[in-house]
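Trainee: For reference, the chains in residue letters:
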Amino acid sequence: MKNFFISLLLTAAASCILQLFLPWWTIALAAFVVAYFVKQNSFPAFLSAFVAVFLLWVMYAYLLSTANENILATKVVELLQQLTKGSVITLYLLTGLIGGLVSGLGALTGSLASKLKS
Amino acid sequence: MKYFKLLLSFVATLGLIYILNSKMGVAPAFGKFLNPFMGFWQNAENVTGWKDEEANLAGLKEEVKVFFDERLVPHVFAKNDEDLYYMQGYITAKYRLWQMEIQTANAAGRISEIVGEKALDVDRMQRRIGMGYGAEAAQEYISKDSASKKLIDAYCKGVNAYISTLAPKNYPIEYKLLDYKPEEWTPIKVALLLKNMANMLSVFEFDIENSNFVAKYGNEEFRKLYPDYIKDEDPIVPIGTKFEVRSEKLKGSTTSDIGHRTSDLYSTVIQKPDEITGSNNWAVSGSKTKSGKPILCNDPHLKLSLPSIWYEMHLVSPNMNVYGATLPGSPAVIIGFNDSISWGVTNGGRDVRDWYTIKFKDAARNEYEYNGQWVKAEKKIEKYFVRGKGEVDDTVIYTKLGIVVFDENFGRVDSKKNLAMRWTAHLPSNEFKTFYQFNRGKNYEDYINALKTYQCPAQNFVFASRSGDIAIKEQGLFPIRDKASEQGKYLSDGTTDKDEWKTFIPSEGNPTSKNPERGFVSSANQHPTDSTYPYYYSGVGVYENYRNRRINKLLTEGKNIDADFMKKMLNDNFNLHASEAVPVLLSLLDKKNLSKEEQIMVDAIGKWDFYNNANEIAPVYFEIWWNELRALLWDEMSNPSIPMKQPSFYVTVQLLMNDSTSIFYDNISTNAQETRNELVLQSFHRVKDTLDAKSFTEVGEPEGTDEKFTNKDSKPHDWGSYKATKVEHLARLDAFSSLNVYNGGNRGIINATNNSNGPSWRMIVDEGTMKAFVVYPGGQSGNPGSKFYDNGVKPWSKGEYFEANFIANGEELGAKKLFTSTYKPK
Numbered sequence: 004m005k006n007f008f009i010s011l012l013l014t015a016a017a018s019c020i021l022q023l024f025l026p027w028w029t030i031a032l033a034a035f036v037v038a039y040f041v042k043q044n045s046f047p048a049f050l051s052a053f054v055a056v057f058l059l060w061v062m063y064a065y066l067l068s069t070a071n072e073n074i075l076a077t078k079v080v081e082l083l084q085q086l087t088k089g090s091v092i093t094l095y096l097l098t099g100l101i102g103g104l105v106s107g108l109g110a111l112t113g114s115l116a117s118k119l120k121s
Numbered sequence: 051m052k053y054f055k056l057l058l059s060f061v062a063t064l065g066l067i068y069i070l071n072s073k074m075g076v077a078p079a080f081g082k083f084l085n086p087f088m089g090f091w092q093n094a095e096n097v098t099g100w101k102d103e104e105a106n107l108a109g110l111k112e113e114v115k116v117f118f119d120e121r122l123v124p125h126v127f128a129k130n131d132e133d134l135y136y137m138q139g140y141i142t143a144k145y146r147l148w149q150m151e152i153q154t155a156n157a158a159g160r161i162s163e164i165v166g167e168k169a170l171d172v173d174r175m176q177r178r179i180g181m182g183y184g185a186e187a188a189q190e191y192i193s194k195d196s197a198s199k200k201l202i203d204a205y206c207k208g209v210n211a212y213i214s215t216l217a218p219k220n221y222p223i224e225y226k227l228l229d230y231k232p233e234e235w236t237p238i239k240v241a242l243l244l245k246n247m248a249n250m251l252s253v254f255e256f257d258i259e260n261s262n263f264v265a266k267y268g269n270e271e272f273r274k275l276y277p278d279y280i281k282d283e284d285p286i287v288p289i290g291t292k293f294e295v296r297s298e299k300l301k302g303s304t305t306s307d308i309g310h311r312t313s314d315l316y317s318t319v320i321q322k323p324d325e326i327t328g329s330n331n332w333a334v335s336g337s338k339t340k341s342g343k344p345i346l347c348n349d350p351h352l353k354l355s356l357p358s359i360w361y362e363m364h365l366v367s368p369n370m371n372v373y374g375a376t377l378p379g380s381p382a383v384i385i386g387f388n389d390s391i392s393w394g395v396t397n398g399g400r401d402v403r404d405w406y407t408i409k410f411k412d413a414a415r416n417e418y419e420y421n422g423q424w425v426k427a428e429k430k431i432e433k434y435f436v437r438g439k440g441e442v443d444d445t446v447i448y449t450k451l452g453i454v455v456f457d458e459n460f461g462r463v464d465s466k467k468n469l470a471m472r473w474t475a476h477l478p479s480n481e482f483k484t485f486y487q488f489n490r491g492k493n494y495e496d497y498i499n500a501l502k503t504y505q506c507p508a509q510n511f512v513f514a515s516r517s518g519d520i521a522i523k524e525q526g527l528f529p530i531r532d533k534a535s536e537q538g539k540y541l542s543d544g545t546t547d548k549d550e551w552k553t554f555i556p557s558e559g560n561p562t563s564k565n566p567e568r569g570f571v572s573s574a575n576q577h578p579t580d581s582t583y584p585y586y587y588s589g590v591g592v593y594e595n596y597r598n599r600r601i602n603k604l605l606t607e608g609k610n611i612d613a614d615f616m617k618k619m620l621n622d623n624f625n626l627h628a629s630e631a632v633p634v635l636l637s638l639l640d641k642k643n644l645s646k647e648e649q650i651m652v653d654a655i656g657k658w659d660f661y662n663n664a665n666e667i668a669p670v671y672f673e674i675w676w677n678e679l680r681a682l683l684w685d686e687m688s689n690p691s692i693p694m695k696q697p698s699f700y701v702t703v704q705l706l707m708n709d710s711t712s713i714f715y716d717n718i719s720t721n722a723q724e725t726r727n728e729l730v731l732q733s734f735h736r737v738k739d740t741l742d743a744k745s746f747t748e749v750g751e752p753e754g755t756d757e758k759f760t761n762k763d764s765k766p767h768d769w770g771s772y773k774a775t776k777v778e779h780l781a782r783l784d785a786f787s788s789l790n791v792y793n794g795g796n797r798g799i800i801n802a803t804n805n806s807n808g809p810s811w812r813m814i815v816d817e818g819t820m821k822a823f824v825v826y827p828g829g830q831s832g833n834p835g836s837k838f839y840d841n842g843v844k845p846w847s848k849g850e851y852f853e854a855n856f857i858a859n860g861e862e863l864g865a866k867k868l869f870t871s872t873y874k875p876k
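Residue numbers (the working numbering), protein chains in the order written: chain F, 4 to 121; chain V, 51 to 876.
Incorrect hints may have been included.
Heads up, simulated DSSO-like pairs for lysine-lysine below, C-alpha to C-alpha not over 27 Å straight-line [stated by the list, open to error]:
(1) V:876 with V:200
(2) V:292 with V:502
(3) V:52 with F:5
(4) V:430 with V:450
(5) V:467 with V:430
(6) V:52 with F:42
(7) V:340 with V:609
(8) V:564 with V:617
(9) V:776 with F:88
(10) V:502 with V:564
(11) F:42 with V:194
(12) V:292 with V:533
(13) V:55 with F:120
(14) V:603 with V:338
(15) V:409 with V:429
(16) V:194 with V:483
(17) V:867 with V:129
(18) V:837 with F:88
(19) V:533 with V:281
(20) F:118 with V:55
(21) F:88 with V:744
(22) V:467 with V:450
(23) V:343 with V:642
(24) V:55 with F:5
(25) V:642 with V:738
(26) V:492 with V:564
(27) F:118 with V:52
(28) V:876 with V:837
(29) V:450 with V:411
(30) V:876 with F:120
(31) F:88 with V:73
(32) V:533 with V:266
Calculated Cβ distances over 12 Å to all of chain F for the following chain V residues [said to hold, decoys possible]:
(33) 274
(34) 422
(35) 439
(36) 478
Source of the hints: derived by calculation from the structure; they are not laboratory data. On a predicted model such as this, the values are computed, not experimentally measured, just so you know. Built from N, CA and C at the ideal position, the CB exists for glycine as well.
Model the full assembly from the supplied sequences, consistent with the hints where possible.
Mentor: Here's what the structure looks like:
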């Protein structure tokens, strides 16, 4: 359980720093490295990374959009009507899901790779 | 097994990243677009965070201060002209970069690079009509004028200085959606932008359509439906004005043929808007105003778009102090005022494009016939880098008579004819210089001088000065045409030079009116002159004949005019066309067998005061009736493979009133021989069907409904909801558009707002009080995430205005100041 939170925090921090300079998909790289070094089973590794970037992306998006009084988010909801079904919350969830999945898969790969050593 | 799982997970990760990082069809690349670090969330700008800012910019000579007022209008104070234009470029790019780029990409025929193959034919059309060719000619010509070159270069430098500050996360949202990036801004793009404007406004040309009509229905019918002059003419230059001209300059074509006639039918033309809207401008002299000084007004009617075609700016340097509407991507103020003069534009609408049939020697098309000889054709290969497809090449042929636009490779498949086009926008010119001179103009002489070199798009320039002069001039480059052969009205023969452009009307010969006795000048896309004008131009029924008469009536009657009078007048919804058409239609309508609902409609139309106000119902009935009647009456012209122009509204009303036996009353799709009365009745029956079939969008704020009619109707609707004006995003995304804008007006009305076109900028300049009032259906920011994106739409639709902050320094803004940006040389 301790490792779950350690990897969650490390993944979130590393993802945040990498994305300031590098493309968004480096979150997979961050998750991979963290999962490789912080020992966890495959599923917890996936989950911790998923939650880390899910929260990171949703919270950052929320911060930006609230200062904007959701002017833009409302329009993007309409733009992606088929996916969002007209709800800003769905847009947040979609954002989190995309980040979470990529990060989670990166972590899963890292965790599986670390098992090769043992 | 371990290795297999690892491989599977690894591939899944890469696969997901690949999918989320690629743009698929119209959908954005979701990973790129939705991540909050670089995606669209970064464009969600803080609604309250307006802070003073400071930056050092390479290329600036001295410090520049920019004060932004409560509507985000920048007031740029520079210490020299180069810095001023540099800053205009920088600030415009900051708020309108994507728009600047997409408009020039459109002009250059490069949209397929961004959106793929679906835009390829649009791109090919742009290049085949010579947009790039004209822009290159203009740019080369401009660069020979050192003053123009210096300032355009400064503007480009400013744009590029802004682009260089941009990290991908700061790209405007449209780049993220379409997944591409900004490129360097260059002088050729300024030229392309002016050509874009020229193209938008050069649509008053129907050579091929006219030839088709004559080939099918003959000359006599043509004269009836497309007369050069009409009897209620109220031209821009008042009737009776004397024109002076040296006779030797009148010679155009040397032929005495009566036009080039062809029995061939042509199936491809450049698509033109259905009913062209247009623009209004006018100026009244001090004799008619409260202050004793002139007042000038202008509202150019264009396709309503977001970001708006205009960007409002105030530019101050030691040499000028000018305020008004700028065209994002081009330096200077295009429509506006300074401390001495004001000016505005409407489209001239004279035919500035001629079409020629080209005869090639053989299928190789290497040589064409010209004055009995075979001349070598110039071939240019246009390369298109189509997204998702790769390079596509298109060979375009250039002849002495113009560019071959339609041929075996382009146009409708059933048309294998070679048609070349000559357009005044192909010729070298420097339109920027005219606006540059206006911006610092002091008086009438400066205005006339500034106009001398202006070529395309031909505009009616209205003018007023603080010193009390008013004037209007139709300025553009016009070939001198032969009247006897009606040169340029029809498709011309391209095998000789007889219909080639040889000389041009000198600027002094263009229609001008200065301080006329009636106390005002005005234009609304009508005939520039009466028939005593010595140079030949064809009218062919394309000129407006409603807004002009309404404007002139109101201005003739107006006394003690002030800005409030003008504020109302620009929003005038009187439908002069309806007031002339309705009595004719009602007299021809057989009312015996109408249903109860139809009887209500007839009553409503009968009681109508002819104002197209948003909350009225009668304009809805009339509009549908009129459109259905036109469709039935002019069905002869609706075959898309034989394009012809539908006669003007004015001619249509005259025909219905005076001609009971026209061959056009017959409906060609039936065996029976229809009569005028039958057409009127049939079209009236269609009103209810059309209404029932239309789903009305409930408009946000109906300002009181017209109880007289709506209660009796089966559906709650009025003119504002029926028309549902749309201010559309440039990429046609509804989510970024203003939909269902509730307001009155229509084509042919001073408030010429239909469902997609309308006054794109309303401006009133009172030279007496030195106050100006402006409004436009958009906002200063091009970012859909800004509260300044569309904040002008509602005030515009309600007929409200903002007073321009024509300040002498930043302190004068006081509480209206949002923030100050200070830029220093690096």
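Trainee: Take the hints in turn and mark each one as holding or not.
Mentor: Against the structure, the hints come out as follows:
1. Proximity of residue 876 of chain V to residue 200 of chain V is assessed by CA-CA distance (about 20 Å); at most 27 Å being required, the pair is judged to hold.
2. Pair hint residue 292 of chain V plus residue 502 of chain V holds up; C-alpha atoms about 20 Å apart against a cutoff of 27 Å.
3. Distance check on the hinted pair: residue 52 of chain V and residue 5 of chain F sit about 25 Å apart at the alpha-carbon level, within 27 Å; holds.
4. For the hint pairing residue 430 of chain V with residue 450 of chain V, the CA-to-CA distance comes to about 14 Å; that is within 27 Å, so the pair holds.
5. With a C-alpha separation of about 19 Å, the suggested pair residue 467 of chain V and residue 430 of chain V falls inside the 27 Å cut-off, and the hint holds.
6. The straight-line distance between the Cα atoms of residue 52 of chain V and residue 42 of chain F is roughly 16 Å, inside the 27 Å bound, and the hint therefore holds.
7. Of the supplied pair hints, the one linking residue 340 of chain V and residue 609 of chain V holds, its CA atoms being roughly 8 Å apart against a limit of 27 Å.
8. With a C-alpha separation of about 24 Å, the suggested pairing of residue 564 of chain V with residue 617 of chain V holds against the 27 Å cut-off.
9. With a CA separation close to 23 Å, the supplied pair residue 776 of chain V and residue 88 of chain F stays within the 27 Å bound.
10. Distance restraint check for residue 502 of chain V and residue 564 of chain V: the Cα-Cα separation of roughly 16 Å lies within the 27 Å cut-off, and the hinted pair is therefore satisfied.
11. Between residue 42 of chain F and residue 194 of chain V the alpha-carbon distance is near 71 Å, which puts this suggested pair outside the 27 Å criterion.
12. Between the alpha carbons of residue 292 of chain V and residue 533 of chain V the distance comes to roughly 20 Å, so the proposed pair stays at or under 27 Å and holds.
13. For the given pair, residue 55 of chain V sits about 15 Å from residue 120 of chain F by alpha-carbon distance, which is consistent with the 27 Å threshold.
14. Between residue 603 of chain V and residue 338 of chain V, the direct Cα distance comes to roughly 14 Å. Compliance with the 27 Å bound is thereby established for this hinted pair.
15. Restraint check: the Cα-Cα separation between residue 409 of chain V and residue 429 of chain V comes to about 15 Å, which is no more than 27 Å; the hinted pair holds.
16. Distance check on the hinted pair: residue 194 of chain V and residue 483 of chain V sit about 12 Å apart at the alpha-carbon level, within 27 Å; holds.
17. In summary, the hint linking residue 867 of chain V to residue 129 of chain V is supported, as the alpha carbons are separated by about 21 Å, within the 27 Å threshold.
18. Between residue 837 of chain V and residue 88 of chain F, the direct Cα distance comes to roughly 24 Å. Compliance with the 27 Å bound is thereby established for this hinted pair.
19. This hinted pair checks out: residue 533 of chain V and residue 281 of chain V have alpha carbons roughly 20 Å apart, not beyond 27 Å.
20. Of the pairs offered as hints, the one joining residue 118 of chain F and residue 55 of chain V holds, with about 11 Å between alpha carbons and a cut-off of 27 Å not exceeded.
21. Note on residue 88 of chain F and residue 744 of chain V: the hinted pairing holds, with a Cα-Cα distance of about 25 Å set against a maximum of 27 Å.
22. Only pairs whose Cα atoms come within 27 Å are accepted, and residue 467 of chain V paired with residue 450 of chain V is accepted, the gap being roughly 17 Å.
23. As the CA atoms of residue 343 of chain V and residue 642 of chain V are separated by approximately 57 Å, the hinted pair breaks the 27 Å bound.
24. Taking the CA atoms of residue 55 of chain V and residue 5 of chain F, the gap is about 26 Å. The hint holds against a cut of 27 Å.
25. Of the pairs offered as hints, the one joining residue 642 of chain V and residue 738 of chain V holds, with about 17 Å between alpha carbons and a cut-off of 27 Å not exceeded.
26. Taking the CA atoms of residue 492 of chain V and residue 564 of chain V, the gap is near 16 Å; set against the 27 Å cutoff, the hint holds.
27. For the given pair, residue 118 of chain F sits about 8 Å from residue 52 of chain V by alpha-carbon distance, which is consistent with the 27 Å threshold.
28. For the hint linking residue 876 of chain V to residue 837 of chain V, the alpha-carbon distance of about 32 Å lies beyond 27 Å, and the restraint is violated.
29. Proximity of residue 450 of chain V to residue 411 of chain V is assessed by CA-CA distance (about 15 Å); at most 27 Å being required, the pair is judged to hold.
30. Of the pairs offered as hints, the one joining residue 876 of chain V and residue 120 of chain F is violated, with about 56 Å between alpha carbons and a cut-off of 27 Å exceeded.
31. With a C-alpha separation of about 21 Å, the suggested pairing of residue 88 of chain F with residue 73 of chain V holds against the 27 Å cut-off.
32. Of the supplied pair hints, the one linking residue 533 of chain V and residue 266 of chain V holds, its CA atoms being roughly 23 Å apart against a limit of 27 Å.
33. Every Cβ of chain F is farther than 12 Å from the Cβ of residue 274 of chain V; the closest lies at roughly 50 Å, confirming the non-interface assignment.
34. For residue 422 of chain V, the non-interface assignment is confirmed: its Cβ lies about 61 Å from the closest Cβ of chain F, beyond the 12 Å cut-off.
35. For residue 439 of chain V, the requirement that its beta carbon stay farther than 12 Å from each beta carbon of chain F is met, with the minimum near 25 Å.
36. Non-interface call for residue 478 of chain V relative to chain F: holds, since the shortest CB-CB distance, roughly 43 Å, exceeds 12 Å.
Violated hints, listed in ascending order, are 11, 23, 28 and 30; each of the other numbered hints is respected by the structure.
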